[in-house]
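Add chains D, V and X to chain Z, keeping to what the hints say.
Spelled out from the first residue to the last, the chains are:
4 protein chains.
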Amino acid sequence: MITFESDYTTGCCPEILSRLVETNLEQVSGYGKDKYCQSAEEKIKKVCNAPDAQVEFIVGGTQTNQTIIAAMLQRYQGVIAAKTGHIACHEAGAIEYSGHKVIELPQVLGKLKASDVRNCLEIFYKDESHDHMVFPGMVYISHPTEYGTLYSLKELTELSQVCHDYDIPLFMDGARLGYGLMSKTTDVTIQDIARLTDVFYIGGTKVGALCGEAVVFTHGNRPEHFVTMKKQNGSLLAKGRLLGIQFDTLFTDDLYFKIAKHAIDMAERLKGIIEKKNIPFFLESPTNQQFVVLENKRMEELKKQVGFNFWETIDEDHTAVRFATCWSTTAEDLDFLENIL
Amino acid sequence: MITFESDYTTGCCPEILSRLVETNLEQVSGYGKDKYCQSAEEKIKKVCNAPDAQVEFIVGGTQTNQTIIAAMLQRYQGVIAAKTGHIACHEAGAIEYSGHKVIELPQVLGKLKASDVRNCLEIFYKDESHDHMVFPGMVYISHPTEYGTLYSLKELTELSQVCHDYDIPLFMDGARLGYGLMSKTTDVTIQDIARLTDVFYIGGTKVGALCGEAVVFTHGNRPEHFVTMKKQNGSLLAKGRLLGIQFDTLFTDDLYFKIAKHAIDMAERLKGIIEKKNIPFFLESPTNQQFVVLENKRMEELKKQVGFNFWETIDEDHTAVRFATCWSTTAEDLDFLENIL
Amino acid sequence: MITFESDYTTGCCPEILSRLVETNLEQVSGYGKDKYCQSAEEKIKKVCNAPDAQVEFIVGGTQTNQTIIAAMLQRYQGVIAAKTGHIACHEAGAIEYSGHKVIELPQVLGKLKASDVRNCLEIFYKDESHDHMVFPGMVYISHPTEYGTLYSLKELTELSQVCHDYDIPLFMDGARLGYGLMSKTTDVTIQDIARLTDVFYIGGTKVGALCGEAVVFTHGNRPEHFVTMKKQNGSLLAKGRLLGIQFDTLFTDDLYFKIAKHAIDMAERLKGIIEKKNIPFFLESPTNQQFVVLENKRMEELKKQVGFNFWETIDEDHTAVRFATCWSTTAEDLDFLENIL
Amino acid sequence: MITFESDYTTGCCPEILSRLVETNLEQVSGYGKDKYCQSAEEKIKKVCNAPDAQVEFIVGGTQTNQTIIAAMLQRYQGVIAAKTGHIACHEAGAIEYSGHKVIELPQVLGKLKASDVRNCLEIFYKDESHDHMVFPGMVYISHPTEYGTLYSLKELTELSQVCHDYDIPLFMDGARLGYGLMSKTTDVTIQDIARLTDVFYIGGTKVGALCGEAVVFTHGNRPEHFVTMKKQNGSLLAKGRLLGIQFDTLFTDDLYFKIAKHAIDMAERLKGIIEKKNIPFFLESPTNQQFVVLENKRMEELKKQVGFNFWETIDEDHTAVRFATCWSTTAEDLDFLENIL
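Chains as they are written, first to last, in the working numbering: chain Z, 198 to 538; chain D, 198 to 538; chain V, 198 to 538; chain X, 198 to 538.
Extracted from the complex, chain Z is given alone in its bound form (with noise of 0.2 Å):
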């Protein structure tokens, strides 16, 4: 049955794959200490326009929020989150299995307000009693957001200025990053991402990779010991070679960015679709997730047929649903999701 439950159905750019053949047999060393690794970490550093950044690679999202936040973090810090955030709503408590609160703050489309940051820091530091509570100690936002909405450079821009003028780092979640910065109406790119904030990550798994994600600390900023934190958290990889040579990949002859654009292209299809068949959107996304309110009856038949994902209840009839597109998606799926829609 063909599904647009996800962005991580099918397996990777067919690139990867060939890549991984052509390299197979040669030797290199584990840990991320081999060849591909240091290419793939120089390819970003160069799309970033940013010289000084320091690139790591780990494997999944969930591990690699776990391991960045729990390396730059002191532990009397949490880290401040919108309500929907994906550390604070649907990782299972890994930040505060690792000890750190997930100071959450409202959101608007999923997205935090510099405002409501800058006022919940400003509170806690004229609180007399701020010693008996958590200091916040780094800001998370993830863009695209859990609803597939973006921030714009200026909102970008104002969040980053918060946190500079707390002292505190900015650490975007980049899960989908690709999408997002190949969304039509976004004016935000990779390089003022990395001027802005103070370490992201541009993911691989949801975007043409078998896994990974490749961590920028933009400005020399790695946390010292950083590899036996790693360890400690589980996530360093023994083939490193795996990460290395998927993002070395993804990164030549702009691939990552070529994947996201057509992820894109068959989204703005599938948002026409929905525009005629008239189904009402959840909300107004410019990435590859478009999220839609069915009837339940609807969305039943419509299960037997094709895949999507349950979002949330509306209402005791109504349901909203996402649909994701990905580098692999083609026009026949999306002709076939016409014509049953």
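Treat the hints as calculated values from the structure; they're not laboratory data.
Hints are not guaranteed to be accurate.
One copy or any two copies: either way a pair holds, since identical chains are not told apart in the list.
Claimed, not checked - In the DMTMM-like style, the derived pairs of lysine to aspartate or glutamate whose C-alpha atoms are separated by at most 25 Å in a straight line are:
#, residue 1, residue 2
1, 230, 324
2, 458, 223
3, 230, 509
4, 280, 202
5, 500, 319
As the structure is a computational prediction, the values presented were derived from the model and not from experiment.
Only chains D, V and X this time, still in chain Z's reference frame:
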């Protein structure tokens, strides 16, 4: 300077000191296995009308919350609390430090609504991806709350019912329990609490003891190996007698209730003074903590004459502050306050 | 440069790559719920002769140890291991980071003695203050050990008996399991392991896969909510297919055993070369890792020509080093080594 | 029944109780910001001849060890301790529960040897894979040790030198410090300890207080945000006065030293009795704890008449037991013991 800044500014009931002096040279075993702890346990079970209860003594409130919550939750579970609950905002992340998320729900006058808790649990179990979320494994309430407010018997019964329906324990932080029980307006008794909660504690530190909280597992539900978990949490006191003797004294001749009643009587007089002086209340509290709104200029002047507690910023010109009475507040203290207000 | 520094210097069996290519565009569900994971699970259960077993796939070894141990222990329990066990010394404290003590016992050639384990448990329960101690809650062994040695069937049976007597699980780290099973001298089969342990894993990373370890809960004893605990540990892979496909391939037509046998054959030839060259062994290993003692001067020269691994300092002039074979070691690699040794 | 089972069987020095009574109605701030804590701090700094020291008060020993170690270590570090150190074996894994490994080294009469510590650190930094290991980040010693033995000034100086050479703090658990300082044979003063360690504590619980340990950061090296970390650990006492008053009293007119000397005098007499009765010592202890070997039959009879503590099983027929004196031991207690031994 006379101060109303908190209910822990003085030492303890003289009866406790006398008892410490009398028993000082008796040799008893450590770690809570002494006869005073046993006697205190029996008296508390009796006053709670809970013959199957088990009682444990711990030195302080945050320590008690941390020890109880981490002992009763599975590692994949978090604890539901009001956004204003002590564990959510004023314990420096002690619960998260133990690995567990505090699942914050909205509050009304510091209280959790049973319908919000039920809704949270319903949504959780309906969510098809709840395996990727923190399981709600306990409900935490404070009574009196951090705002000095109280649950009614009906509200408490409803919360108990929700917890029962979802088979998770209801835990009451009773750091100021005495003041709640002796409030003029409450319809909740300690027997009700023992019947409706799964675990609660009777605060000593803020109600006449030098230190100490008496934890009541209401129906023989103390977790296995609790003593080892206390030790692991650093909350097993070597000279357990210090806690046993204090609670044994507090639960002899209704001392606990008498001193709490005194504090309530003083608080009622304090309310009268505030009304007479036309100072606006920040909220209506039926217990020993009274919250009022002061103009900042007035506040600064008053600070030089009497102690009280910053609560929160209202606007640029106004601040909410707290005045607390306790077992040792005297009529003279209030006369003095009346004069200067 | 040819290297024998470890058994994870090359990619993976070509059969795995072919299978990844073939299945690449198939759409399957994430998080290990795909048909490849199911098929791999069935094949593993069959080869283990363990119809009630449950199989889970995790990306790497440290991650697997951390996830399994923290999921199976109560919080007041620790895990018994040899002082030289991987979790005791080479995982950067990943177990302690999860809150659990590694209770270190002496080792003999990298192995735990059943009598030492029994003694440790007996002393623990006899100690009148054991409530103030970490409860031994699991026994961890590695097979092959970190020194390439193997438990005999008798030794394994005795360890199993001790664990059974004290009702704690026996956990076998099988990161290099294939090489142990195919050793010329072993009398232990995978069915024995499935019968005698409570949980073990079949290493993929070091035995022909790109990554991945297959955890076998041998008798339906997978902990409840294991998927949530994996998520919490950052060890739940989104594209679970990557692990499923690899293990499904490894357990088709005995591929896992064939490639492990090849590595053992190569190791036997390597031993012959070492003997012929009169280089002293550091210890006798019947598996794919061979440990020899080199004069430091010789070692430094050799380093320029071939890769191998520092093991430990013997004295000022001598060092123990490791040469490892694997599925991809060729006769030519050994010819080369023979020439330069 | 008279008991020698531990040095925490009685309450506290009468001087402390008097002081608690006298000060009981004074209103002071909470959380250790009261004048008694300040005064005690000054007195302790003076007696230590350490003008830059900072003093913090914590209720109990395990709590103190847990709070100090977790506040001073980086998360990738562990603490070196003797295998018999309190944190290694009798604190229910409180250190590991905080995420840190206790790196166990051999002991000689309960003491760490400086050469073993140096060796451990040397090997660690020489090991090429030390990034995969727990970094040794602190050395923990107890003085007196768990066996009642003492470091000589030379031994302490050597340990201090090793720590200095490797730039890690030396931490002394002084739960029974007074008895060590007053030992007839020691050449170590409290000023030596303040000079040679980076942090140590002066035990109150076992030396005449109801509870409390005074932590001394010897050279202005208290970790930043220590109060928040105490709160997070549940070790910040609301009525800090309880600790301040006790230590202020103990360090007035040398009370701490006088009561410790009394206990040592009693221990010397106890040793004489044991010798006279030809009961073999388990080991030679110069402090208030005396360890002897009893035949099991004799031990069982004796248990009915006097209290003492199980220490460890020697063989099937013999057991090592502990007799402890303390500030409140009387000549009559010893007369009684002499009669029945």
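Structure-based check of all given hints:
Taking CA atoms no more than 25 Å apart as the test, residue 230 paired with residue 324 passes between copies only; the shortest distance there is 17 Å, against 47 Å inside one copy. Taking identical chains as interchangeable, the C-alpha atoms of residue 458 and residue 223 lie at most 25 Å apart only when they sit on different chains, with a minimum of 21 Å there against 32 Å within one chain. Taking identical chains as interchangeable, the C-alpha atoms of residue 230 and residue 509 lie at most 25 Å apart only when they sit on different chains, with a minimum of 22 Å there against 43 Å within one chain. In this assembly of identical chains, residue 280 and residue 202 lie within 25 Å of each other by CA distance solely inside one copy; the values are 23 Å within and 34 Å between copies.
Proximity of residue 500 to residue 319 under the C-alpha cut-off of 25 Å is restricted to the inter-copy arrangement: shortest distance 23 Å between copies versus 48 Å within a copy.
Of the numbered hints stated above, none is contradicted by the structure.
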